[in-house]
Structure formats: C-alpha cells, structure tokens
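K.L.:
Okay, here's what each chain looks like letter by letter:
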Amino acid sequence: MSPPAAETEAAAPSAPGRRGELSEGARQERRLGLLLCAPAVVVMVAVTAYPIAYAIYLSLQRYDLRFPDQAHWVGFGNYGAVLTSPFWWQALWVTVLITVVSVAVELVLGMALALVMHRAIFGRGTVRTAVLIPYGIVTVVAAYSWQYAWTPGTGYLAALLPAGSAPLTDQWQAIGLIILAEVWKTTPFMALLLLAGLALVPGETVRAAMVDGATFWQRLWLVILPLMKPAILVALLFRTLDAFRIFDNIYVLTGGSNDTGSVSILGYDNLFTALNLGIGSAISVLIFLCVAAIAFLFIKIFGAAAPGGEPERR
Amino acid sequence: MLSSRTFRTRWPAAVAALPVFLSALTGCGSSGSGGGAVALNWYNFPDDSGALQQAADTCSRASGGRYVIHYNKLPRTADGQRQQLVRRLAAHDAGVDIMGLDVTWPAEFAEAGWIREWTGAMKEQATADTLDAAVQTATWKDRLYGAPYNSNTQLLWYRDDLVQNPPKSWAEMLAQADALAKAGKPHYVEIQGAQYEGLTVWFNTLVTSAGGAILTPDAQAPSLGPPAVVAAGIMRDTAHSAAADPSLSNQMEDQNRLAMESGTAAFELNYPFVYPSMKANQPELFKHFKWAPYPGVTADRPATVTIGGIDLAVGAYSRHPDLAFAATLCLRDRDNQLTNALKGGLPPSLRSLYQAAELTNSYPFAADVLAALDTASVRPRTPAYQNVSIAISHTLSPPAAIRPESSVATLRGQIQDALGSKGLIP
Chain A
0 MSPPAAETEA
10 AAPSAPGRRG
20 ELSEGARQER
30 RLGLLLCAPA
40 VVVMVAVTAY
50 PIAYAIYLSL
60 QRYDLRFPDQ
70 AHWVGFGNYG
80 AVLTSPFWWQ
90 ALWVTVLITV
100 VSVAVELVLG
110 MALALVMHRA
120 IFGRGTVRTA
130 VLIPYGIVTV
140 VAAYSWQYAW
150 TPGTGYLAAL
160 LPAGSAPLTD
170 QWQAIGLIIL
180 AEVWKTTPFM
190 ALLLLAGLAL
200 VPGETVRAAM
210 VDGATFWQRL
220 WLVILPLMKP
230 AILVALLFRT
240 LDAFRIFDNI
250 YVLTGGSNDT
260 GSVSILGYDN
270 LFTALNLGIG
280 SAISVLIFLC
290 VAAIAFLFIK
300 IFGAAAPGGE
310 PERR
Chain B
0 MLSSRTFRTR
10 WPAAVAALPV
20 FLSALTGCGS
30 SGSGGGAVAL
40 NWYNFPDDSG
50 ALQQAADTCS
60 RASGGRYVIH
70 YNKLPRTADG
80 QRQQLVRRLA
90 AHDAGVDIMG
100 LDVTWPAEFA
110 EAGWIREWTG
120 AMKEQATADT
130 LDAAVQTATW
140 KDRLYGAPYN
150 SNTQLLWYRD
160 DLVQNPPKSW
170 AEMLAQADAL
180 AKAGKPHYVE
190 IQGAQYEGLT
200 VWFNTLVTSA
210 GGAILTPDAQ
220 APSLGPPAVV
230 AAGIMRDTAH
240 SAAADPSLSN
250 QMEDQNRLAM
260 ESGTAAFELN
270 YPFVYPSMKA
280 NQPELFKHFK
290 WAPYPGVTAD
300 RPATVTIGGI
310 DLAVGAYSRH
320 PDLAFAATLC
330 LRDRDNQLTN
340 ALKGGLPPSL
350 RSLYQAAELT
360 NSYPFAADVL
370 AALDTASVRP
380 RTPAYQNVSI
390 AISHTLSPPA
400 AIRPESSVAT
410 LRGQIQDALG
420 SKGLIP
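Line order of the protein sequences matches chains A and B.
Numbering that gives the first Met the number 0 puts the first sequence at residues 0 to 313.
Numbering that gives the first Met the number 0 puts the second sequence at residues 0 to 425.
Isolated chain A, as found in the complex (with noise of 0.2 Å):
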C-alpha cells in the first residue's frame, strides 16, 4: 500500500517545516507555545527531578533509615550489589515475563474490543461504558476481589478448582494470576488508544480495499493496521512502560513471595522493609533506566511517535 491520504492529511496542519525558514508568524507561535509551557516545566522539574536526583544521590550512599549518621559514601558498590545478585535477576525475569505476556494479550483483546466498539450500531454509549469498567474500579479494590476470589475458604473462584489447591501460592499459577488481573484491568486502556487510532483510518480506504475484493482479514492485516501503526506503537509503548513498573496487583496478590515479586516489589521491600535506602535507591535507578530505554527503543527502533510529538514518519 503507497502512503496514505490521511497521514498528511493529519500531519499537515502542523508540520512545521524545515529548520530556518520559520515565518514571522510561526517563530512568534513557536515562543509562544515556549512560554505557554515554561509554567509546567518548572513544575515537572520541581517534583521529578528533584527526586530522581535525590534518588541517584541516596543510590551511591550506604544509607540507614536507623543510622543516618553512619551513612557514608560507596560510589557504585550498591549497584555492584544489587547487579550481582540472584534476586535482582529473579525479579527482572519475572517483571519482563508479566510484561510481555500482559502487554500482548492486552493488544490482541483490546484490538477486537476497539473494533467492536467501534462498529456498534446500537448501545454505542452502553458497550463502551460497559467495556470501561474494569479500568474505572481501582487497582487495589480489584486486586483484593482477585484476591479474596482465589484463596480457598474465601473465595468463589478457588472453590472451581480442586480441593487443596492454593492457587496464589504456586509460583507459575501465582504468575498467571497476576497477569490475569493485569490483563482484566488495563484491556479497556489498550481498546480506548486503538478506539482512537481505527477513527483515523478513512472509510474511504477501507472501502476502496473492499471494491478490489480485499476480505476482512487482507483490510485488516494490509490497510487498517499499517494505518494505525502510530496508535498501535504508543498504545504499546505506555502500557509496556506501566506493566514494567507494575506494583499494586502483586503487593496485594502475592506480596511477592514464592518469586513472584516484580523489580518494583524487590526496590520497595528493600526501602520499607529492609530500610536500606542505598540499595533501594540503587534498584529504582535500575528500573528508571530500564524504562528509559524501553521508551528509547519504542521511539527510536519501532518509530512510535512520541506522545504529542508530531508524525513526521514515512
């Protein structure tokens, strides 16, 4: 398929052209929108990278909660611990499983719920709020009825399976319930992000495909897909980066035992747990760039455009 219509359709009204041969008008625009968003950077950089500096700091320290006073300076050694050790690797394996998983089932069901919604003739508003619930009820409240439904002598759930079976406390069951969880809760997100992306594909394509004789899986697979790439790529990219740091399901699922903790399970159990704030600093610097480079990939590998930037892609 050549390059659509719709692409520089959307892309047109605010490609800014090429470096240097800005108008008058655009380069007043342009200090404007400067200036417009000077406010809110200084609040980004007063709550996060404040932190995230303080984070590093505390990250090359051996650090107390008890002994602040014998708190002292290692340079990397907290980093050389936790890289070293097997609970750190543990716990990347099992976040990057979760994610993975979690991420690709979401995309498929979420891809067929954005078509269902968006094909709905009737009860449109109903469907949608209907597939919207999940999302709407909060993680932890969610997270407790997964949890209360599976445990034996609690729950409805647990009373399907065989007697004695405890499925919360298996490691790989444990796993698959989690992602389960993660999957019922965060689908409608996915299905929201690609709802918007399948509006951007014209009708008219979609139909001119069907003149040629295109069946539903060719218009699907060669016209629709290849048109919501960009919806597609940041709808991956934030829930990639959401089921990496995944926290709250686990801690209220599991609380990480039978290895079943994420990295965030691990950073929080050293700092609340263990009051290791070297270590714990250390972990979060860990996940911090492992996000950061799943953000670096997604936009520099697969080309997602980043969110709110413009699609200059071809």
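Incorrect hints may have been included.
These stretches of chain A come out as covered by chain B in the derived footprint (C-beta under 8 Å, 3 or more residues) [as the list claims (entries may be wrong)]:
1) 64-78
2) 265-273
Taking beta-carbon pairs under 8 Å as the criterion, some of the chain B residues facing chain A (in silico) [stated by the list, open to error]:
3) 83
4) 85
5) 89
6) 91
7) 107
8) 110
9) 111
10) 194
11) 249
12) 382
13) 385
14) 419
15) 420
16) 423
17) 424
18) 425
Distance ranges between label pairs, derived from CB positions [to be verified]:
19) 246(A) to 253(B): 24 to 30 Å
20) 144(A) to 409(B): 35 to 41 Å
21) 419(B) to 147(A): 39 to 45 Å
22) 75(B) to 122(A): 39 to 45 Å
23) 409(B) to 38(A): 51 to 57 Å
24) 74(B) to 42(A): 29 to 35 Å
25) 85(A) to 56(B): 48 to 54 Å
26) 85(A) to 75(B): 29 to 35 Å
27) 239(B) to 85(A): 22 to 28 Å
28) 71(A) to 354(B): 52 to 58 Å
29) 409(B) to 246(A): 25 to 31 Å
30) 56(B) to 246(A): 35 to 41 Å
31) 282(B) to 147(A): 23 to 29 Å
Derived by calculation from the structure, the hints in this document are not laboratory data.
Note that the Cβ used here is the ideal one computed from N, Cα and C, for glycine as well.
We have chain A; now place chain B onto it with these hints.
P.N.:
Same frame as chain A, but now just chain B:
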C-alpha cells in the same frame, strides 16, 4: 461561556469557605489538649475486641485529667505496623507517644534511638511480677526499652479421640501421625510452614530446643552449628512424612486453625487463640480438643518454645515522655491485662495473673502456657532482626526442599550478610 460563569460564581464561595476550613484545621490541632489534659497517642495492633480502647478510656479517666490516651490502630500485618511506625519515627514524629512493638523490634528501635530507655522507679514497676523472657525481649544492651504488654507462646493441641498419649518429641509425633495415616484416620500435624515469620519461629524453637542458638550471645555472628542441622532435619522430615499437610508450605497460623477445625488434622502447634475458636466453631470436635507441652527435639528434654507478644515503648520524640511512661504503666496494669486476656484472648505478661480464677476459668491451659513461658526462648535480639528473619524464612522455604547440612551453610552466609546490612533482601 458556561465554564467561565461557573468559575466566577464558584470562586467567591470557595474564598468564603477558606476561613471555615482553616479554623476547622486549627480546631482539629488544638482539640487534643482541650480541658488541660495532654493528648497521648498510643499506636498499637488493631484490636477488635474493644479491650484496648477500654484500657485507654480507663487510664484516661484514672489520670485525673492529666492525660487522655488516643488509641490509634496500626495495620493488621506486622510488616505494615513496623513500616508505619518506622516512617513516623524516621521523620521524628512528635505525635508518637506510646507504641506497641512486636517483641522482635525493641533492639532495632532502641539502636536507632527511636524509643526511650526505662529507668529508676518506672523500670522497677515495668518489670515487677513480669515474666523473665518477656522482659528479655524488651532489653537491649542491658537496658530496658519497653514494658511487656501481652505475651504469647505455642502449645501442642491434639485430639484425644485419635491420640491417647500426647507425644513428648517430634519423632514420636511423626510416628503417631504415620500410624494414624496407615489406619486411615485424620493424621496431619498443623504447623506454620509458609515463607514468613512463622517459619522463623518454628526454626528458632527447634534450634533452641536442641540446645543451640541462631546468633552468638553478642549477636554479632551466626551460631547455628549442629543444633541448627538437627532443627532443619526435623523440618525436612516433617515435610516428607505422612504428617505433612499438602499445603504445608503455604500455611500460617490461621490456615492451621481452619485445618484443625475441619477435622483433617490430629495435631496442631499453635497459639491459644485456637481454643475459643474451636469452642465456637466446632463444639463436637471441641470435646476432644486437648493440649500438651510443645514436643521436644528429644523426649528427655522439654522444648524451649519461642515467645511472642507486644512490648510497650515510649517514643523518643514525644513531647510528654513522663506522662507517656505513667500512661504505659497504667495500660499494662493488672486489670487492663486481665481484660485484654479475657476479651482479646492474649496471654498476659504478669506472672501472678496466671493464677487468677477469672483467667483459669476461661483458659484451663493457663498453667501450661505459664510453664512454656518460663522456659521460653527469645528470637535473636539484633537491630538487623528483620533481615535475619527474612534470610531464615527464605532459605528454609519450602520445608520439603531443605537439605539440612547445605541449607544451614547457606543460611550462615546469609545471616552474616544480614547482620552487616549488606546485599539485598528478597
């Protein structure tokens, strides 16, 4: 524009509401000292029986208007309780006057300088008539940092329709369970095998019963040695015997209680709360529900069961430490401990109460609990206890995977790291 109109009409209303809001804030801040009485905040485990609130009210009235005790409920889990207290204390919260510490925390809180030492007459009152093991839990570097509130320990509970002679040792108990299994009768031994503090308690009881200790007396290094290998061996044998409940590796105290009440088990090693529960839930089984001392590692040597409970400590940043000490002594006095035992079901820390008729009427096993507490063992006293305990429960979980010699060797290295607060915790 609608939005700007609503904005304009709402804004003055919001401004008008501001003084009300501010006065509500200040009102909230000063209400505590209303009537001249000082407000003391007592942070303790959440109690549903009403015993703790009753003690706070009684003591507030008895103070003659000197102080009013506000009972603040901490989270349900021990980890959650410790986290909240640590966060407040690390931030030098002056609003923490009295706190209920799990018996494993005083060393840590004292070393961090978060709680005050008990001295002089107050110390004498806090230790008079008090169980020795309970006082030990509140002692760090030969100084007293807490007044023992309630105590706790495990007994062996069994069904006398299945077991005629309660076992004196673990080997005997596992053999009896095996015989019951062969006869097709309920035979499980209910014990805390999940990866959590309860597993550490089991290990500590076995190691000390075998004549050993987890840490050296100065708490600077792991002791372990042959007694630890014996202990790890018993845990492993239990997990591989007919006595093992299929969900052993996930069981905590309450799952043990439920399993015993469901009739699948013949033995249960648990705290006395199982007794009133069995009475209420399974009156038929209750007729056969009996108790005996915790089995020893060998039949000729009684077990030294791990002591549990709460120590009351006074916050280092409290503005009214003298009143807080006085209030603490009132909260743990004889009457309040008796109420807590009868209503809340928690064994007291005052020795003389175990002879009180009110208590022995409700708890016929009071004498056995006292005997167990008199020989009780204390979990390792070190500021790094939390890390040491996690190292233990992580290394010895699941019990079926224990390889006594090598597990204890691994544990030695992990405890060394934990004591130096090196490395990560899982």
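K.L.:
If a hint holds in the structure, say so; if it doesn't, say that too.
P.N.:
Results for each hint:
1. Check on the stretch 64-78 of chain A: 3 of its residues sit with their Cβ under 8 Å from a Cβ of chain B, so the three-residue criterion for coverage holds.
2. Only residues whose beta carbon comes within less than 8 Å of a beta carbon in chain B count, and the stretch 265-273 of chain A has 6; three or more means the coverage holds.
3. Taking 8 Å as the C-beta contact cut-off toward chain A, the hint placing residue 83(B) at the interface is violated, the least distance being around 10 Å.
4. About 6 Å separates the beta-carbon of residue 85(B) from the nearest beta-carbon of chain A, less than 8 Å, and the hint is met.
5. Annotation: interface hint on residue 89(B) holds; nearest CB of chain A at approximately 5 Å, less than 8 Å.
6. Look at residue 91(B): its Cβ only gets to about 11 Å from chain A, farther than 8 Å, so that hint breaks.
7. Below 8 Å, beta-carbon pairs count as interface contacts, and residue 107(B) has one with chain A at about 7 Å; its hint therefore holds.
8. For residue 110(B), the interface hint holds, since its Cβ comes within 8 Å of a Cβ in chain A; the closest pair sits about 7 Å apart.
9. Against a cut-off of 8 Å between C-beta atoms, the interface hint on residue 111(B) holds, since the closest Cβ of chain A lies about 4 Å away.
10. Evaluation of the residue 194(B) hint against chain A yields a held restraint, the C-beta minimum of about 5 Å falling below 8 Å.
11. The closest approach between the C-beta of residue 249(B) and any C-beta of chain A is roughly 4 Å, which is under the 8 Å cut-off, so the hint is satisfied.
12. About 7 Å separates the beta-carbon of residue 382(B) from the nearest beta-carbon of chain A, less than 8 Å, and the hint is met.
13. Interface hint status for residue 385(B): upheld, as the beta-carbon distance to the closest one in chain A is roughly 6 Å, under 8 Å.
14. Contact between residue 419(B) and chain A, as hinted, is not supported at the beta carbon level, the nearest pair being about 10 Å apart and thus beyond 8 Å.
15. A hinted interface residue such as residue 420(B) counts as satisfied when its beta carbon comes closer than 8 Å to some beta carbon of chain A; here the least separation is about 6 Å, so the hint holds.
16. Annotation: residue 423(B) was flagged as interfacial toward chain A, and the flag holds, the nearest CB pair being 5 Å apart, inside 8 Å.
17. The beta carbon of residue 424(B) is positioned within 8 Å of a beta carbon in chain A (closest approach about 5 Å), and the interface hint is therefore held.
18. The interface hint given for residue 425(B) is met, as the beta carbon of that residue sits about 5 Å from the closest beta carbon of chain A, less than 8 Å.
19. Evaluation of the 24 to 30 Å hint for residue 246(A) and residue 253(B) yields a pass: the beta carbon distance comes to about 26 Å.
20. At roughly 38 Å, the beta-carbon separation of residue 144(A) and residue 409(B) lies within the given 35 to 41 Å, and the hint holds.
21. Between residue 419(B) and residue 147(A) the CB atoms are about 40 Å apart, so this pair conforms to the stated range of 39 to 45 Å.
22. Our hint of 39 to 45 Å for residue 75(B) and residue 122(A) holds, since their Cβ atoms are close to 44 Å apart.
23. Taking 51 to 57 Å as the suggested C-beta distance range, the pair residue 409(B) and residue 38(A) conforms, at roughly 56 Å.
24. Distance hint check for residue 74(B) and residue 42(A): the Cβ-Cβ separation is about 33 Å, which falls inside the suggested range of 29 to 35 Å.
25. A beta carbon spacing of about 52 Å between residue 85(A) and residue 56(B) agrees with the range 48 to 54 Å that was offered as a hint.
26. A C-beta distance of roughly 31 Å is found between residue 85(A) and residue 75(B), which places it inside the suggested range of 29 to 35 Å.
27. For the pair residue 239(B) and residue 85(A), the supplied restraint of 22 to 28 Å holds, since their beta-carbon distance comes to about 26 Å.
28. Between residue 71(A) and residue 354(B) the beta carbons are some 54 Å apart, a value that agrees with the proposed interval 52 to 58 Å.
29. For residue 409(B) and residue 246(A), the hinted distance range of 25 to 31 Å is satisfied, since their beta carbons lie about 29 Å from each other.
30. Our hint of 35 to 41 Å for residue 56(B) and residue 246(A) holds, since their Cβ atoms are close to 40 Å apart.
31. The beta-carbon spacing between residue 282(B) and residue 147(A), approximately 28 Å, falls within the hinted interval of 23 to 29 Å.
In summary, the structure is inconsistent with hints 3, 6, 14 from the numbered list given earlier, while agreeing with the others.
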